[in-house]
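Q: So the chains spell out like this:
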Amino acid sequence: MTVRTDAGDALRRLTTTHLPSWMPWLLLLVAVALSATLRDNFFSQYSISSTFATFVPLVLVAVGQAIVIIGGGLDLSIGAVAALSSVVAITVMGGDDGRVLLGVLAALATGMACGAVNGLIVAGLRLQPLITTFATASVFGGVTLWVLPTPGGRVPGMITGTFRLAIVGIPVTVWLVLLVAAAWFLLKRTRLMRHIYAMGGDPAAAYASLVPVRRSQALSYVLAGAFAGLAGLAILANSGSGDPFIGGAMALDSVAAVVIGGIALRGGIGSPLGAIGGAMVLSLASSILFFVGVPSTYRPLAEGLVVIAALALSALSDRRKT
Amino acid sequence: MRRKFGTVLAALTAVTLGLAACSTVGEDGETTEPTGTSSATEGGEEPAAGPFTIGVSNGFVGSEYRTQMIQDIEEAAAPYQEEGLLEDLVLENADTDVNGQIQQVRNLINSGVDAIIINPNSGTALDAVFQEAADQDILVFAIDQAVESESVINVGIDQAAWARTSAEWLAEQVGEGGNVVVVNGISGHPANEARWNAAKEALEAGGVNILTTVDGGWDQTTGQQQMTTLLSTYPEIDGVWTQDGMAQGVLQALIEAGKQNDVIVSGEARGGFMRLWEEHGLDSVAVVNPPGTGATALHFAMGMLQGQTIKDDALTDGHNVVLELEPTITNENFDEVWAEHKDKPDTYVLDSILSKDEVGQMLE
Numbered sequence: 001m002t003v004r005t006d007a008g009d010a011l012r013r014l015t016t017t018h019l020p021s022w023m024p025w026l027l028l029l030v031a032v033a034l035s036a037t038l039r040d041n042f043f044s045q046y047s048i049s050s051t052f053a054t055f056v057p058l059v060l061v062a063v064g065q066a067i068v069i070i071g072g073g074l075d076l077s078i079g080a081v082a083a084l085s086s087v088v089a090i091t092v093m094g095g096d097d098g099r100v101l102l103g104v105l106a107a108l109a110t111g112m113a114c115g116a117v118n119g120l121i122v123a124g125l126r127l128q129p130l131i132t133t134f135a136t137a138s139v140f141g142g143v144t145l146w147v148l149p150t151p152g153g154r155v156p157g158m159i160t161g162t163f164r165l166a167i168v169g170i171p172v173t174v175w176l177v178l179l180v181a182a183a184w185f186l187l188k189r190t191r192l193m194r195h196i197y198a199m200g201g202d203p204a205a206a207y208a209s210l211v212p213v214r215r216s217q218a219l220s221y222v223l224a225g226a227f228a229g230l231a232g233l234a235i236l237a238n239s240g241s242g243d244p245f246i247g248g249a250m251a252l253d254s255v256a257a258v259v260i261g262g263i264a265l266r267g268g269i270g271s272p273l274g275a276i277g278g279a280m281v282l283s284l285a286s287s288i289l290f291f292v293g294v295p296s297t298y299r300p301l302a303e304g305l306v307v308i309a310a311l312a313l314s315a316l317s318d319r320r321k322t
Numbered sequence: 001m002r003r004k005f006g007t008v009l010a011a012l013t014a015v016t017l018g019l020a021a022c023s024t025v026g027e028d029g030e031t032t033e034p035t036g037t038s039s040a041t042e043g044g045e046e047p048a049a050g051p052f053t054i055g056v057s058n059g060f061v062g063s064e065y066r067t068q069m070i071q072d073i074e075e076a077a078a079p080y081q082e083e084g085l086l087e088d089l090v091l092e093n094a095d096t097d098v099n100g101q102i103q104q105v106r107n108l109i110n111s112g113v114d115a116i117i118i119n120p121n122s123g124t125a126l127d128a129v130f131q132e133a134a135d136q137d138i139l140v141f142a143i144d145q146a147v148e149s150e151s152v153i154n155v156g157i158d159q160a161a162w163a164r165t166s167a168e169w170l171a172e173q174v175g176e177g178g179n180v181v182v183v184n185g186i187s188g189h190p191a192n193e194a195r196w197n198a199a200k201e202a203l204e205a206g207g208v209n210i211l212t213t214v215d216g217g218w219d220q221t222t223g224q225q226q227m228t229t230l231l232s233t234y235p236e237i238d239g240v241w242t243q244d245g246m247a248q249g250v251l252q253a254l255i256e257a258g259k260q261n262d263v264i265v266s267g268e269a270r271g272g273f274m275r276l277w278e279e280h281g282l283d284s285v286a287v288v289n290p291p292g293t294g295a296t297a298l299h300f301a302m303g304m305l306q307g308q309t310i311k312d313d314a315l316t317d318g319h320n321v322v323l324e325l326e327p328t329i330t331n332e333n334f335d336e337v338w339a340e341h342k343d344k345p346d347t348y349v350l351d352s353i354l355s356k357d358e359v360g361q362m363l364e
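Protein sequences appear in the order of chains A and B. Going by full-length UniProt numbering, the residue at position 8 of the first sequence is 8; the numbering climbs one at a time, nothing skipped. Going by full-length UniProt numbering, the residue at position 48 of the second sequence is 48; the numbering climbs one at a time, nothing skipped.
If you're looking for bench data, these hints aren't it; they were derived computationally from the structure. Bear in mind the structure is a predicted one, so any value in this text is a computation, not a measurement. Hints are supplied without guarantee of correctness; some may be wrong.
Okay, the calculated bits of chain B under chain A, using three or more residues with CB under 8 Å as the criterion [what the hints assert, rightly or not]:
no. : stretch
1   : 93 to 105
2   : 110 to 120
3   : 186 to 194
4   : 306 to 319
All residues carry an ideal CB built from backbone N, CA and C; glycine is no exception.
If we strip away everything but chain A, and leave its shape as in the complex, we get:
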């Protein structure tokens, strides 16, 4: 009996604990300092531009994932949604600069539609988010292969070109990450986001205070879908071509970024800004391991340890408080 209570406590502690909000930024500082010592060209323009180019897709899905998790859910299909959005966008654009706007809208619409499917199943049918999104990930993956059975297609030069520009000396990819942060500042003021926080913190209390719980829950997935759609575009900008198999690893990476970003897996606590930091830490950690010379065979292991260390840190810092 006691054992079970202990286990229950431990589980609750693990899911409600979170890193303090300054932690991702401290980790980021450490990661940047390490990178700078390991690579003398770390602050060269190409290095900054390419490092941020690698960040952008993960930053976008991490923000989407953060919104869902803050609302008390989980979206394991977010990588598949990004992949589907990317193949729809490339198919719609057909390599034509004139259809870039259409492609952007198509990616956003695809992402939001997938999010709506997740949201309706989770909020409407009240199925477990974990199982639901795990299953829809396969469905979206299947649709992706149907839209683009073999890798190919050309991304309009306007997208790949702009992605590699610098505006007033600062690479576009850096601007994009700043834009995502700015978008969050807008989003956070909305009533919907307040509802999502309330719902994730305590669904029963939120319901009692007349928060439209189901609708907010469904909309949290739609929002995440929109970010995944944008991530699909970032993937295209990175690769210059379509690939139905891209993005599979992004769902788990986004959850890891959220954890490092100081967001409680239980919901209600934390900010997507932290997830942005978390995503950058995660990307940098992987390239730091490369530059330290860790044989790549061991790198997934080391990356996993980084995530576990972050979780452990969060549990420890929480225990100190109580």
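Fit chain B to the supplied structure of chain A, relying on the hints for placement.
A: The following block gives chain B in isolation, referenced to the frame of chain A:
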């Protein structure tokens, strides 16, 4: 809320205006023309004297083929390292998708390599990052599987010809109207498509009846499971066309069903399959798909870094070095070939690496 929105709008406008001040990102802020294949180290620059650094990017690990590919590259690099011409061989070798491989290539670019040898996960989706490498005068060689980007030199065998050889042989064996099942690699994977398109054509030309195609994921165990299922679904199979990395698994399934001498399998030039071929007195075919193309590419890289270029007649379509296939292994020459490789482990993939001198003849 409205005021915030206004602030962001203003910021966006400022950014748009700032577009006038934009430039392309590159080292020293200058944009370089994409390095063509035959003028890679030309263009006013003196050929560097070295020592050089070469990076290797591989996005799929855990198969014997890829393991041997990396070993071959390391062995070919050793003499250059002793000579002091090659300072470092940097390996980026991990299971990843195209996104991850883009990061692999960027890591290599940022670590200052002079050339990159890559076994690409995609034929097109790495184009943009290849351009980033070309912009910084880094030579890129794609091995095992060709890519479309013209700044990249493809070094490898003709996958279509490779598949056609065994498919034509199989079509002849089962004859017109024979029933064949197909165990492919991974649908949608460019190497798989190139092979299957060619094999399908050859099988259809031979009047063969293709019952079905399944995916075995280039994995012996999966291949075996798929074949077991196929055997119970289709009782009237005369032959199996499969790709390398799965033929041994397919054959195991047939042996378990006791049908190894009734159903003809297109084989693979690997230790394990050839041992079974001998043991059971099979009638089969094997075409070598050499993991050593990476090592061959390394010789090209070292030559070109020292200022040489590839002769025009060694290039197809301006950026492809198509390596000749080794002689096909059939029952006629089996004993002769097997005698050379008998002592190798089951995981050994029959190989072919061009020597430094052989590559040197294609350079000028």
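Q: If a hint holds in the structure, say so; if it doesn't, say that too.
A: Now the hints, each set against the structure:
With 10 residues having a Cβ less than 8 Å from any Cβ of chain A, the stretch 93 to 105 of chain B passes the three-residue criterion, so the hint holds. A count of 3 residues in the stretch 110 to 120 of chain B with a Cβ less than 8 Å from any Cβ of chain A is obtained; the coverage claim is therefore met, three being the minimum. Proximity of the stretch 186 to 194 of chain B to chain A, defined as three or more residues with a beta carbon under 8 Å from a beta carbon of that chain, is established by the 4 residues found. Counting residues of the stretch 306 to 319 of chain B whose beta-carbon sits less than 8 Å from any beta-carbon of chain A gives 0, not enough to reach three: the coverage restraint is violated.
Taken one by one, the earlier hints fail for this structure only at number 4.
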